[in-house]
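*Asks:* Spelled out, the chains give:
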Amino acid sequence: MNPSLKLALVILIALEVSFTQVWTVNVALIIISLILMFVGHVKWKRLLWLTAVPLFFASALVWSLALQGTTTHHFLIVIFTRMFVYVYMGGLFTQTTDPLTLTRSLEQNAKLPSKFAYGFLAAFNLMPKIQAEVATIKAAALMRGQVLHVWSPQLYFKVILAAMNWSDQLAAAMTSHGFVEGAPRTHAVTIALRARDWWVFGISLMLVQVGLFIGLP
Amino acid sequence: MATVTVHSLTFTYPKRSRPVLDGLNVTFPSGKFSLLTGVSGGGKSTLLKLIAGLTPLPTAGSITFNDQPLADIAPTKRAATVAMLFQEPSTQFTMDTVNNELRFALENQCVDTAVIPAKITAALDFIGIADLQDRLLMQLSGGEQQKVALAIIVAMDSDVILLDEPFASIDPPTRLALLEKLVALCTKRGKTIILADHDLSNYDRWVDHLAVLDMGKLTLLSPADTQARFAAFTPDKLQLTHVGLPSDQPVSLQGTQLRLGHGERELLASQDLALFAHQATLITGPNGSGKSTLFRALVRLGKYQGRLTYDGTDIQKLPRKQYARSVGLMFQAASSQFLNVTVAEELALSRKFGNRDYFTAERVQDLLTQLNLAEHTEQIIYSLSSGQQKKLQLLCMLIMAPAVLLLDEPLKGLDFASIQVVMHILTTVQRDLHLTLIMISHQLSGLDDLITLHLALADHHLTYKGAPA
Numbered sequence: 001m002n003p004s005l006k007l008a009l010v011i012l013i014a015l016e017v018s019f020t021q022v023w024t025v026n027v028a029l030i031i032i033s034l035i036l037m038f039v040g041h042v043k044w045k046r047l048l049w050l051t052a053v054p055l056f057f058a059s060a061l062v063w064s065l066a067l068q069g070t071t072t073h074h075f076l077i078v079i080f081t082r083m084f085v086y087v088y089m090g091g092l093f094t095q096t097t098d099p100l101t102l103t104r105s106l107e108q109n110a111k112l113p114s115k116f117a118y119g120f121l122a123a124f125n126l127m128p129k130i131q132a133e134v135a136t137i138k139a140a141a142l143m144r145g146q147v148l149h150v151w152s153p154q155l156y157f158k159v160i161l162a163a164m165n166w167s168d169q170l171a172a173a174m175t176s177h178g179f180v181e182g183a184p185r186t187h188a189v190t191i192a193l194r195a196r197d198w199w200v201f202g203i204s205l206m207l208v209q210v211g212l213f214i215g216l217p
Numbered sequence: 001m002a003t004v005t006v007h008s009l010t011f012t013y014p015k016r017s018r019p020v021l022d023g024l025n026v027t028f029p030s031g032k033f034s035l036l037t038g039v040s041g042g043g044k045s046t047l048l049k050l051i052a053g054l055t056p057l058p059t060a061g062s063i064t065f066n067d068q069p070l071a072d073i074a075p076t077k078r079a080a081t082v083a084m085l086f087q088e089p090s091t092q093f094t095m096d097t098v099n100n101e102l103r104f105a106l107e108n109q110c111v112d113t114a115v116i117p118a119k120i121t122a123a124l125d126f127i128g129i130a131d132l133q134d135r136l137l138m139q140l141s142g143g144e145q146q147k148v149a150l151a152i153i154v155a156m157d158s159d160v161i162l163l164d165e166p167f168a169s170i171d172p173p174t175r176l177a178l179l180e181k182l183v184a185l186c187t188k189r190g191k192t193i194i195l196a197d198h199d200l201s202n203y204d205r206w207v208d209h210l211a212v213l214d215m216g217k218l219t220l221l222s223p224a225d226t227q228a229r230f231a232a233f234t235p236d237k238l239q240l241t242h243v244g245l246p247s248d249q250p251v252s253l254q255g256t257q258l259r260l261g262h263g264e265r266e267l268l269a270s271q272d273l274a275l276f277a278h279q280a281t282l283i284t285g286p287n288g289s290g291k292s293t294l295f296r297a298l299v300r301l302g303k304y305q306g307r308l309t310y311d312g313t314d315i316q317k318l319p320r321k322q323y324a325r326s327v328g329l330m331f332q333a334a335s336s337q338f339l340n341v342t343v344a345e346e347l348a349l350s351r352k353f354g355n356r357d358y359f360t361a362e363r364v365q366d367l368l369t370q371l372n373l374a375e376h377t378e379q380i381i382y383s384l385s386s387g388q389q390k391k392l393q394l395l396c397m398l399i400m401a402p403a404v405l406l407l408d409e410p411l412k413g414l415d416f417a418s419i420q421v422v423m424h425i426l427t428t429v430q431r432d433l434h435l436t437l438i439m440i441s442h443q444l445s446g447l448d449d450l451i452t453l454h455l456a457l458a459d460h461h462l463t464y465k466g467a468p469a
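Chains as they are written, first to last, in this note's numbering: chain A, 1 to 217; chain B, 1 to 469.
So here's chain A without its partners, still in its complex pose (with noise of 0.2 Å):
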């Protein structure tokens, strides 16, 4: 499917379940992801992660809703499939877009000034070399008798500093390989956007809504 029309499936579904209260959509939608994500060979490892995080959360949430005895088991059930709704949506598609074709199809179909497109790959990209920047700056702490933790606003001083530094780096390196910003672009590929897109959008966005409806007490 077109990466832009399923960031914004994912994203209405996502705000339409927030303010509706049908645990059945909830959980078909959680069996169509998981459908989905099998069918698009996410790793089992991946997987578990995304069912361990949300369950610890899910279930911390629920007990202490619980406890408090005011709500429904109605409206306990519903908190927690959403909660799973949420992850495994956007594990869904994060696991199966790549950023380079989300960029492309962001640029030539959502028409998102190329500005912004780059940027948020370049942002992407910049990932594994913050990790490995945070682990420097904690080395060369404990090399200086000094223990910083996650939360020390000196680990976040240094590593602001660092990505100021590689962004000026990043423009430089953009200009140099001739972007100008607002300059008109060819694309060497194009994300097509084909009625088969639209489509899907359009029918899962009506089952999600007849879902509803049917479910709304």
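Bear in mind the hints are in silico, worked out from the structure with no lab data behind them. For clarity, every value in this text was computed on a predicted model and none was experimentally measured.
Computed Cβ-Cβ distance ranges for the label pairs, DEER-style: (1) K352/B with L126/A: 30 to 36 Å; (2) S8/B with L126/A: 38 to 44 Å; (3) P69/B with I35/A: 55 to 61 Å; (4) A130/B with G145/A: 50 to 56 Å; (5) F120/A with L433/B: 47 to 53 Å; (6) A122/B with S167/A: 29 to 35 Å; (7) F57/A with A374/B: 54 to 60 Å.
Positions of the beta carbon are idealized from the N, C-alpha and C atoms, including for glycine.
Position chain B relative to chain A; hints supplied.
*Replies:* For chain B alone, coordinates are given in the frame of chain A:
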């Protein structure tokens, strides 16, 4: 074909009083190879960035291409006018693979999508790296990355090619191969090439006029003077007179079946390696051969295969905090070392946890004076020059006085006088505290007094050099 003309260009960085470039006038003739040299910090990079349009010009029109300022050239044509190859290979790409980066550059020029694949193939073939097309950029070596960057410039068909110390992290054979490609671009395709380098070897065949940038002024040498400069240039030679082969010294760090590499690329083939206590060991080897990677593995910042022990214990089993205090690393990039804002704060942190008995307040003050840093204690670290940062970094790590101190290019960017002072301090402290120093350095002069062991990294193997003791 484009002639680059600089008309009375004066450039001062914000908040600095002295201009880096002072009323500069120069013409780089079309289709010629121009070589720019000068001391570090002399303004070479600044000039190249101004020509490339990466730094905005103080007065528009002070740099022209065939009498046309860059700002007057249509945005999509600018990359076809001028392009730049950076000193640090890995920082010049936006995309993930070689192919995607080439596409990105050609898309920016509004090249018709139908001809993009052919242009990519032609450019890669010209540089001779067709096999790299689908590789990830981050997994390439520095030399390969520079070749890719040059292929992109070939694909963009830029008239003026600027290169800022492009061989700084590249071994001699790759340097020569790239240089030959550049000369071919000049003679066969009429490109104007301006290259900044401080290593003047191998240019004598190709460069007629050497341009020397000093104190903001540029002087163009005559052909005779240029050849004289080239002839007089001899790369630093390593002179070590106190070096012998290790005999029965106690071992500090021991690698067993140690292997280093990232991805499929092997840096160090599996071997046993002993690093000896209370010695000053120098590690030499070509750029990108894995010296820094070895250091990162030794301080548990990088992956390695095999076993590494410190005083007989596996380093992975030692508590992180305790190990970090025993084996310290002076990073190649000074900014990686600092944790505070001002010089005084940084020194206070080192003294708080470091060896306070030896580094008394008086001694630290004396060392600061020797290093010409005494008047900068209240200054913000990041506003110091790179040489001052390097000296402060060394002082901070010496005060920590870990049993083993790894030094990654501690003399990088220092002038001759500073190197003498730093080496004197290092030698004194090492003798007084019996530290184990292990040092990577490309700067080879002035090391003789300190170094007692020499490890050479070649063909994926580390071997001790020197006459038997």
